[in-house]
Amino acid sequence: MGAAWLFLFAVFMAGALLFGMIFFIVNFSDLESDYLNPVDLCNKLNKLVVPENAVHGSLAILFLLSGQWVAFALNAPLVAYNVNKIINKQHTYDATEIFRTIDKHKKQCFIKAGFYLFCFFYYLYRMIAALVAESQ
Amino acid sequence: MSKTASGRTQWEIPQGAPVQGLQPTGSPPPVQHTKRRQYAAGQTQAYYGADGLADPTFAGGAQQQPVAGGQLFTPGLVGEHQFQAQQGQQPGQPAYYQPGQEPEYINGPAYGQPPQPAYAQAPIDALAGQFGQMGMGGQKQFQLYTTNLLTSPPEPRELYRPPPEIRLPPNSCISPSPLANSDPSYKRSTLNAIPTTASLLSKAKVPLALVITPYRSLKEGEEPVPLVTDTVIARCRRCRTYINPYVQFIDGGNRWRCCMCNMSNEVPQLFDWDQVRNQPGDRWARAELNHSVIEFVAPTEYMVRPPQPAVYVFLIDVSHTAVQSGMVATATRTILENLDRIPDEDQRTKVAVICYDVSLYFFSLPPGSTDPTMLVVSDIDDVFLPKPTDLLVNLAEARTTLESLLGRINDMFQENSIVGSAMGPALQAGFKLMSPIGGKILVLSSSLPSVGAGALKNREDPKILGTAKESGLLQAASPFYKTFAIECSRAHVSVDMFLFSAGYTDVASLACLPHYTSGQTYYYPAFNAARSEDALKFAHELGEVLAMPIMLEAVMRVRASRGLRMASFHGNFFVRSTDLLAMPAVPQDQSYAIEIQIDESITTPFVVFQTAVLHTTCYGERRIRVITLALPTTTNLSEVYASADQVALATLFANKAVERALTHKLEDSRDYIFQKLVDILVSYKASMTSGGAGASAQLAISENLKMLPVLVLGLLKNVGIRQSAQIPPDIRAYSQSLLTSLPSQLLIPYIYPTFYSLHNMPPEAGTVGENGIILPPALPLTSERLERHGLFLIEDGQTIFLYVGRDAVPQLIMDVFNLPSYEVLRGGKTTLPVLENAFSQRVNAVIQKTRESRRGVYYPHLYVVKDDGEPPLRLWALSALIQDRADVLPSYQQFVSSLKDKVNGIGGGY
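Chains A and B, in that order, are what the protein sequence lines are. Position 134, counted from 1, in the first sequence is what the UniProt record's numbering calls 134; the numbers after and before it change by one each time, with no gaps. Position 126, counted from 1, in the second sequence is what the UniProt record's numbering calls 126; the numbers after and before it change by one each time, with no gaps.
Accuracy of the hints is not assured; some may be wrong.
Unchecked claim - Below 25 Å or equal to it, Euclidean Cα-Cα: the simulated PhoX-like pairs (lysine-lysine) are:
#1 B:Lys482 to A:Lys104
#2 B:Lys219 to B:Lys537
#3 A:Lys89 to B:Lys457
#4 A:Lys85 to B:Lys457
#5 A:Lys44 to A:Lys106
To be clear, the hints were calculated from the coordinates, so they are not data collected in a lab. From a predicted model like this one, the values you see are computed outputs, not experimental measurements.
With the hints as extra help, turn the sequences into a complete structure.
Written out as structure tokens, the structure reads:
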């Protein structure tokens, strides 16, 4: 039973993270097409970076605690990457450098969005698999 | 269609009557204008037709044949009959090696002059050629002359030459005025012929960029920028380009076609109306159709609020060290003496003075009183203004109070024993005071900020100098300086830093504020006002900064013809959107570099770059300064090389190197610049010489890029970039801030100093000639030229060294220094006496001229360097001779031969 609930929760979280990433991407393209200035953009997005990383991290910890090794292994590299960035204080967007680095940021957001999308379906699959396993 | 007073129709070019003196005498009447409407098609055909005919072999490359005499071979030129003849006349040696031609050249005002015919064999008839060829149908090709770097040593005079001529196709400009295209001192491009496709550009490997100095100082005798006062501003509806000499008038002169996006726009109704005399005016006499650099008075649509007054807030460090070094006394005296020079034509300029150590001292200056009141705020965690009024006062009204305050500050804090600096809180206070208006904050600091926001730690660690971690020391240590800079930029506040310190003062962090707010950093290591040279230098520079007219509340945008995109920006500003640069207060003579990408292939015969700076003058007028540069396009690789501007390239490389040093490592930055140079040489060798891809005994480059390797070597040896474990991070950071903000005219001497031999200078040197004081011929930067009995001058725009040989005759020492012999002479900072003898006066005149001839506020220190004097000073002076080998850094010969190996694929670094 536990596994199904866990993955149901994970599906929702992955969905939320996916939307979060899309929000980031939309903002970056707004900046590129001049609907937004870099200072506002950075103020807006920097508030969301740590929560996003935290949600993702806690999900990974949840997998670890409940012994979902495959799901944890899937998430571990990204957690390590995020932690490394926070330790080096490079997790925030710098308004003065944003135009020089925007391509990199966008690429990163696209990769993350793709990853969350994959996770979303993977969790869904695992949830269904868990439900099926339970009912048998 | 309206009629002018002369009875001509408006849009016709005046045939006989000259356009109010704009038409250079002797230039042919612009008959071709009658055909203007067929211009695009006819011109394109003429251009490409000529191109194709003159260059039949380039594409095929089959007719390659060795040329007698010259070992280097340029396929693009085979079709030209002149080539062989030239080779015959002057095998290998260009004309200007003949010594007879030099003195005149050296003394010509460097940049911005019409090209001198002395430029090699290039068939340049200067402006006559440019305009004379109009109507001839074809366009002259750029001639590419290949040089072998191994056999032709660098020649300093090359650097004074104007960039390769801009040869626009005929009929592209509607004005016959020589000022219709931008002067290189305002705007120059690394390529004066723009490749039509990105692939051609990437094949050439020469980066495409603009170097812009929109607000440069005017020297005596220079024409001021023409001003359009009638607020009739014609702009393209689609791309917002300002009307310029490169547009076309169509439809009977009622419409104009934009030169960038081809949009047809209506000519504003009042365009042909002279509002001053209230009568029909002459369209062809309008400044915006005849000048490339102009200013418009902006109507209210260009204002978010009424023009702001100029505001100067002085933050003066009054801690123990600051007072003891004499900085406070010098600064207050300089400000006092320069109150009259602060721009205040309309009596609106506002001034505030805040002193700080670990507390803040505000001064209330009620107008009319002579008694300033001091208000102390010691709560620096949450800065507040102790009084709502009288802190920021009108300069004219509170003049007497201000004078009495400035006269007393030093005495007030004479006994101050507090050590420490609350610079961050002081900045916040100053910002609070002026943020509703905007303006300039001048910070005078003598110690590392230690308390409150923006406190910094001494992070200088000799162990990590010269290692990969060193670039960390060149980045801001505290995020405060970036976030505060952004706040400042939003409120139109600019910050200038004057840093004086005996110890570490973290220039890298503090320079962030000027960097993002278009200010400037000034650094005076080990400042001591007891030495009159130190005090003089600082007083001169601060005085110049105060007296300098500034552009307030400015935004800058560069527009370019379709297909071209501004890709990245270098310089002191904040990038507010993809192509908008915010500059709260633009000082004079600050330079910006913008890299350009070719997004789609260009089909037009020429392209236009237009820089617009919307700003408020310091006397309260909203204006737009527009700088237009038109460049021809080319499909021919040899033209790309022949039109490359080595000075602009070096300026761009300096900016790129600093950017690279901050984002990567210093070593990466050096490798990157070196690799760029190698790429250019490899590509040149493969496509422009008969050697092809194989190994070659030569190192070929086009004549106009001959100095690029030595400039790159100078850059690699510059204090900001150089490989060394001895350079303090403060000195590096300061040098980097200079590398990214100096205009080309100052930057080139900064990376390739000038070197004169004074003891044997020609008799006319140092005397007054046609163009002011005549300078001796510049020597190549190698110690081979030093003689044991000589007197030499080395100058890089920031420092002047007077190098005295150890066998200098007593008469020389007597004449110059008024001392009996070489033994008595002391090395170090000096003020040279002016003595009653011709030689002393000539030496002084040369020094005076070198100081004056540079743009910018800098007043270089003069050091006397003895041949056998203190080793550090001697090494410092000799490090300016960049063609010598120094420590691990290669000599020019070594550098060139390592370039050759690299180009031939043998590998190895520089």
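When you check the alpha-carbon spacing of lysine 85 (chain A) and lysine 457 (chain B), does it fall within 25 Å? The given pair, whose Cα atoms are some 23 Å apart, holds under the 25 Å limit.
Check the hint pairing lysine 44 (chain A) with lysine 106 (chain A) against an upper bound of 25 Å on the C-alpha distance. 16 Å, holds
Quick one, are lysine 219 (chain B) and lysine 537 (chain B) close enough, alpha carbons at most 25 Å? 21 Å, holds
Does the alpha-carbon distance linking lysine 89 (chain A) and lysine 457 (chain B) stay inside the 25 Å limit? Holds, because 18 Å separates the two Cα atoms, which is no more than 25 Å.
Would the pair lysine 482 (chain B) and lysine 104 (chain A) pass a check requiring their Cα atoms to be no farther apart than 25 Å? Holds, at roughly 21 Å.
Of the hints listed earlier, there is not a single one the structure fails to meet.
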